[in-house]
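The lines below spell out each chain.
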Amino acid sequence: MDLGVKPVSFASSSASWKSADGVPDQFPAGLRVLVVDDDPTCLRILEKMLKNCLYEVTTCNRAEVALKFLRDNRNGYDIVISDVHMPDMDGFKLLEHVGLEMDLPVIMMSADDSKNVVMKGVTHGACDYLIKPVRMEALKNIWQHVVRKKKHEWKEKDFEQSGSVDDVERQQKPIEDVDYSSSANEGTWKNSKKRKDEDDEAEERDDSSTLKKPRVVWSVELHQQFVTAVNQLGIDKAVPKKILELMNVPGLTRENVASHLQKYRLYLRRLSGVSQHQNGLSSSFMGPPDAPFGPMSSLSGVDLQALAASGQLPPQSLATIQAAALGRATTKSAITVPLVDQRNIFSFENPKLRFVDGQQQQNNNSKQVNLLHGIPTNMDSKQLASLHQSAQSFGSMSMHVHSQASQSNSLLTQMVQPPSRTQILNEINGSHALNLPSSVGQPVLSQGVPNAVLGRNGIENVRGPPYTSVSQPSTVVDFSRSQSTEFLGTSFSLVSNSGISNLTSKLQDEVNSEMKASRGFAPNFDIFNDINQNRTQDWRLQDVPSTFETQQHSNVRGSLDVSSSVLIQQQFSSNQKSGQNRVPPVNKAAFSVADGLGNSSNIGQQLSSSLVDNPSRIKAERPPDMGYQNGLFSEHFGQEDLMTAILKQQQGGMEPIENEFGFDGYHLDNLPV
Amino acid sequence: MQRQLANMKQSLFDQGYLDEQFIQLEELQDDANPNFVEEVVTLYYRDSARLIQNLEQALEKNPLDFGKLDSYMHQFKGSSSSIGAKRVKIECTQFREYCRTGNAEGCKKTFQQLKKEYATLKKKLEVYFQVARQAGPVEKACRPK
Numbered sequence: 001m002d003l004g005v006k007p008v009s010f011a012s013s014s015a016s017w018k019s020a021d022g023v024p025d026q027f028p029a030g031l032r033v034l035v036v037d038d039d040p041t042c043l044r045i046l047e048k049m050l051k052n053c054l055y056e057v058t059t060c061n062r063a064e065v066a067l068k069f070l071r072d073n074r075n076g077y078d079i080v081i082s083d084v085h086m087p088d089m090d091g092f093k094l095l096e097h098v099g100l101e102m103d104l105p106v107i108m109m110s111a112d113d114s115k116n117v118v119m120k121g122v123t124h125g126a127c128d129y130l131i132k133p134v135r136m137e138a139l140k141n142i143w144q145h146v147v148r149k150k151k152h153e154w155k156e157k158d159f160e161q162s163g164s165v166d167d168v169e170r171q172q173k174p175i176e177d178v179d180y181s182s183s184a185n186e187g188t189w190k191n192s193k194k195r196k197d198e199d200d201e202a203e204e205r206d207d208s209s210t211l212k213k214p215r216v217v218w219s220v221e222l223h224q225q226f227v228t229a230v231n232q233l234g235i236d237k238a239v240p241k242k243i244l245e246l247m248n249v250p251g252l253t254r255e256n257v258a259s260h261l262q263k264y265r266l267y268l269r270r271l272s273g274v275s276q277h278q279n280g281l282s283s284s285f286m287g288p289p290d291a292p293f294g295p296m297s298s299l300s301g302v303d304l305q306a307l308a309a310s311g312q313l314p315p316q317s318l319a320t321i322q323a324a325a326l327g328r329a330t331t332k333s334a335i336t337v338p339l340v341d342q343r344n345i346f347s348f349e350n351p352k353l354r355f356v357d358g359q360q361q362q363n364n365n366s367k368q369v370n371l372l373h374g375i376p377t378n379m380d381s382k383q384l385a386s387l388h389q390s391a392q393s394f395g396s397m398s399m400h401v402h403s404q405a406s407q408s409n410s411l412l413t414q415m416v417q418p419p420s421r422t423q424i425l426n427e428i429n430g431s432h433a434l435n436l437p438s439s440v441g442q443p444v445l446s447q448g449v450p451n452a453v454l455g456r457n458g459i460e461n462v463r464g465p466p467y468t469s470v471s472q473p474s475t476v477v478d479f480s481r482s483q484s485t486e487f488l489g490t491s492f493s494l495v496s497n498s499g500i501s502n503l504t505s506k507l508q509d510e511v512n513s514e515m516k517a518s519r520g521f522a523p524n525f526d527i528f529n530d531i532n533q534n535r536t537q538d539w540r541l542q543d544v545p546s547t548f549e550t551q552q553h554s555n556v557r558g559s560l561d562v563s564s565s566v567l568i569q570q571q572f573s574s575n576q577k578s579g580q581n582r583v584p585p586v587n588k589a590a591f592s593v594a595d596g597l598g599n600s601s602n603i604g605q606q607l608s609s610s611l612v613d614n615p616s617r618i619k620a621e622r623p624p625d626m627g628y629q630n631g632l633f634s635e636h637f638g639q640e641d642l643m644t645a646i647l648k649q650q651q652g653g654m655e656p657i658e659n660e661f662g663f664d665g666y667h668l669d670n671l672p673v
Numbered sequence: 674m675q676r677q678l679a680n681m682k683q684s685l686f687d688q689g690y691l692d693e694q695f696i697q698l699e700e701l702q703d704d705a706n707p708n709f710v711e712e713v714v715t716l717y718y719r720d721s722a723r724l725i726q727n728l729e730q731a732l733e734k735n736p737l738d739f740g741k742l743d744s745y746m747h748q749f750k751g752s753s754s755s756i757g758a759k760r761v762k763i764e765c766t767q768f769r770e771y772c773r774t775g776n777a778e779g780c781k782k783t784f785q786q787l788k789k790e791y792a793t794l795k796k797k798l799e800v801y802f803q804v805a806r807q808a809g810p811v812e813k814a815c816r817p818k
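So the sequences go chain by chain: A and B. Residues 1 to 673 in the numbering used here are what the first sequence spells out, letter by letter. Residues 674 to 818 in the numbering used here are what the second sequence spells out, letter by letter.
Just so you know, these hints were derived from the structure itself, not from any lab. The beta-carbon is built from N, C-alpha and C at its ideal position, and this holds for glycine as well. Among the clues, some could well be false.
Said to hold, decoys possible - Not the full set, but computed from the structure, chain A residues with beta-carbon under 8 Å of chain B:
hint	residue
1	Asp39
2	Thr41
3	Cys42
4	Arg44
5	Ile45
6	Lys48
7	Met49
8	His85
9	Ala111
10	Asp112
11	Ser114
12	Lys132
13	Pro133
14	Arg135
15	Met136
16	Ala138
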């Protein structure tokens with residue numbers, strides 16, 4: 001995986017990297033590896049190889065023992081390497097446990113190189129898969145997984161904590177730092193960066209976020225409490241905030257819960273037969289408007305199959321959809337096809353947008369969230385532009401939120417762009433790409449569909465191609481998702497959020513569903529468009545159809561980068577989250593967009609970063625939790641911020657934004673500072 | 674002595690008894706672990722003896738449990754490949770193929786072949802290590818031509 005990380009520079013890293021456990025500042029030397037393999041010969045060889053890499057090695061030949069080591073010494077390991085076939089526990093099970101409880105990168109190994117097994121590793125969240133016999137060269141580079149994960153987590157936390165454009169901007173700096181010293185940094189990047197961010201943005205931090213978040217160890221008991229809370233709330237209603245309240249664990253932050261929820265959802269999705277869904281989804285995006293989707297259908301007359309599929313799904317189906325979405329993400333071809341279909345669907349969107357007003361409260365945020373995922377695919381270029389903006393914001397939001405969604409990455413990129421959603425609505429050009437400005441990166445990951453989409457839509461802002469490189473999508477998606485869920489309160493935000501998140505995750509399906517679900521969202525998009533167009537348009541929900549038109553135009557020219565849109569989206573989500581009144585939302589959305597735009601640069605960068613990371617992460621990521629993510633984002637964005645951003649954007653013209661962001665989903669290193 | 678050692682190694686490679694992985698092991702050998710390769714090989718033979726026994730017993734059952742056989746063989750193959758036992762690994766692959774197709778006769782025949790290769794390699798490596806110890810300080814691993 002090409003992180004684009006600069007060569008290790010120990011000197012520079014020493015200052016910023018300080019391991020809480022006293023690991024010498026000679027990364028990657030001293031990397032603490034736990035190896036699990038029942039074969040003593042292999043174990044011995046691995047141990048020696050790792051020692052030769054100057055890593056600190058702990059070996060065990062049983063998975064149970066390994067878990068015990070990990071639990072007893074929560075922060076004592078940086079990475080786990082495990083064999084697939086073990087007598088006492090399946091390697092994949094261990095992988096899941098480690099992922100859920102400790103959130104460490106896990107590498108799987110096996111003499112078995114059949115595609116199925118490797119795929120299983122990927123879907124279970126392994127960050128790499130080695131074929132035995134393992135060579136020294138393969139082990140030399142495992143430190144990259146640690147770096148990547150930390151960086152990802154860091155970004156996630158940053159996003160969670162930053163509630164304003166300023167925050168985003170500030171975060172940009174740390175990101176850059178990370179880039180430059182990534183190789184040298186380890187472990188406590190997050191901490192050091194957070195410290196920096198926190199200093200800057202302390203006053204804007206969410207109350208629930210602590211300045212320095214030590215890694216939370218999800219013990220069995222804690223996890224059990226978590227699961228109880230989730231079940232109590234219902235999987236669709238399980239938002240981090242509520243879970244946190246129910247759990248009532250001192251010192252546990254919403255972010256901790258959010259990220260854990262994400263993983264948990266991934267896990268559940270796997271259980272619910274993801275593969276099938278994926279297959280189904282990939283083959284036919286628009287496909288199966290299943291019965292479960294029913295509820296959403298009432299929302300919009302549009303026969304958005306995809307939407308139905310994605311949006312209508314009851315919360316429970318989210319997982320499936322997500323799975324499907326994920327599966328879709330993996331199928332490039334699939335995406336392109338649906339895009340076309342979606343186009344039609346999206347056209348319906350306009351009418352739906354109208355609904356938004358009335359329906360603003362798409363109560364099923366969760367559903368909406370899903371919808372959004374699918375929506376992005378059909379965005380027109382114009383829409384894409386607007387979407388981009390929104391997507392951008394979303395993208396950035398989701399970026400960190402969604403560290404795990406490997407699948408979502410692809411999906412996300414497409415979906416994340418809530419703003420793009422509107423575009424989608426307008427143009428069903430299969431704006432997967434549109435939706436996810438961040439998804440740009442996705443194309444690479446997901447299957448290049450986003451790229452295709454983006455390309456097709458011709459959305460300037462979409463920047464599909466550039467994004468391909470970035471694996472942002474995942475983040476974007478997440479973002480949208482989270483946003484959607486959070487926005488339940490606000491009329492549009494809900495719609496838009498769900499749309500956005502849905503879009504990202506579910507590629508087409510979601511887009512469709514989003515469209516429906518995210519009625520409320522529509523207004524947001526409108527806002528974006530309006531803003532983009534320098535408020536030329538009359539931003540009204542009812543005017544959705546017309547708005548779209550104008551939006552399209554404006555979108556096309558929307559200089560806003562994906563990041564901008566993402567920002568906007570973020571703004572929206574945040575605004576939404578704050579439960580601002582509906583009417584203002586529109587305006588606010590506009591503002592939010594503006595803010596978002598302002599942030600887009602930041603986001604763009606972040607997106608890029610996340611995108612960069614995503615590719616690698618995609619493998620191991622799991623579908624982001626939509627609800628989870630929404631909650632994360634929305635909290636951070638204030639309407640005011642968005643508004644200001646939007647206003648700023650408007651005044652400043654799109655141009656600046658575009659240039660500013662220069663977001664093209666490139667590796668972090670390439671991000672302009 | 675060194676020359677003799679090099680020749681022996683060359684011949685083992687030429688005859689296909691060992692592969693690249695063996696070189697990887699030798700590269701791990703250093704002053705701190707001067708007999709690393711020998712240690713690992715010894716470990717291998719000790720552990721795999723257990724697997725061989727499991728396979729023997731499983732092959733005597735009637736009807737054969739191919740799933741179990743395949744599982745044992747998978748483990749055995751992993752071990753063997755990690756020390757570079759090329760010929761043994763080939764037999765393992767063949768065995769697994771017979772398991773996949775449910776060919777009991779094929780399995781049994783291949784297993785006999787496998788045991789032969791396994792034993793032959795063991796002897797050869799024993800001699801090799803003997804010479805290596807006599808040859809003096811460990812020389813840097815060098816790839817056979």
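For each hint, the structure was consulted:
About 5 Å separates the beta-carbon of aspartate 39 (chain A) from the nearest beta-carbon of chain B, less than 8 Å, and the hint is met. A distance limit of 8 Å between C-beta atoms decides the matter here; for threonine 41 (chain A) the minimum to chain B is near 4 Å, and the interface restraint holds. Annotation: cysteine 42 (chain A) was flagged as interfacial toward chain B, and the flag holds, the nearest CB pair being 5 Å apart, inside 8 Å. The interface hint given for arginine 44 (chain A) is met, as the beta carbon of that residue sits about 6 Å from the closest beta carbon of chain B, less than 8 Å.
Because the closest C-beta pair between isoleucine 45 (chain A) and chain B is about 6 Å apart, less than 8 Å, the hint holds. For lysine 48 (chain A), the shortest C-beta to C-beta distance to chain B is roughly 5 Å, which falls under 8 Å, so the interface hint holds. Because the closest C-beta pair between methionine 49 (chain A) and chain B is about 6 Å apart, less than 8 Å, the hint holds. Checking histidine 85 (chain A) against chain B: minimum C-beta separation of about 6 Å stays under 8 Å; hint holds.
Contact between alanine 111 (chain A) and chain B, as hinted, is supported at the beta carbon level, the nearest pair being about 4 Å apart and thus within 8 Å. Interface restraint check for aspartate 112 (chain A): the shortest CB-CB distance to chain B comes to about 7 Å, inside 8 Å, so the restraint holds. With a least beta-carbon distance of about 11 Å to chain B, the hint placing serine 114 (chain A) at the interface is violated under the 8 Å criterion. Hint status for lysine 132 (chain A) relative to chain B: holds, with the closest Cβ pair at about 5 Å, below 8 Å.
A hinted interface residue such as proline 133 (chain A) counts as satisfied when its beta carbon comes closer than 8 Å to some beta carbon of chain B; here the least separation is about 4 Å, so the hint holds. Against a cut-off of 8 Å between C-beta atoms, the interface hint on arginine 135 (chain A) holds, since the closest Cβ of chain B lies about 6 Å away. The closest approach between the C-beta of methionine 136 (chain A) and any C-beta of chain B is roughly 6 Å, which is under the 8 Å cut-off, so the hint is satisfied. Nearest Cβ of chain B to the Cβ of alanine 138 (chain A): about 10 Å, over the 8 Å cut. The hint is violated.
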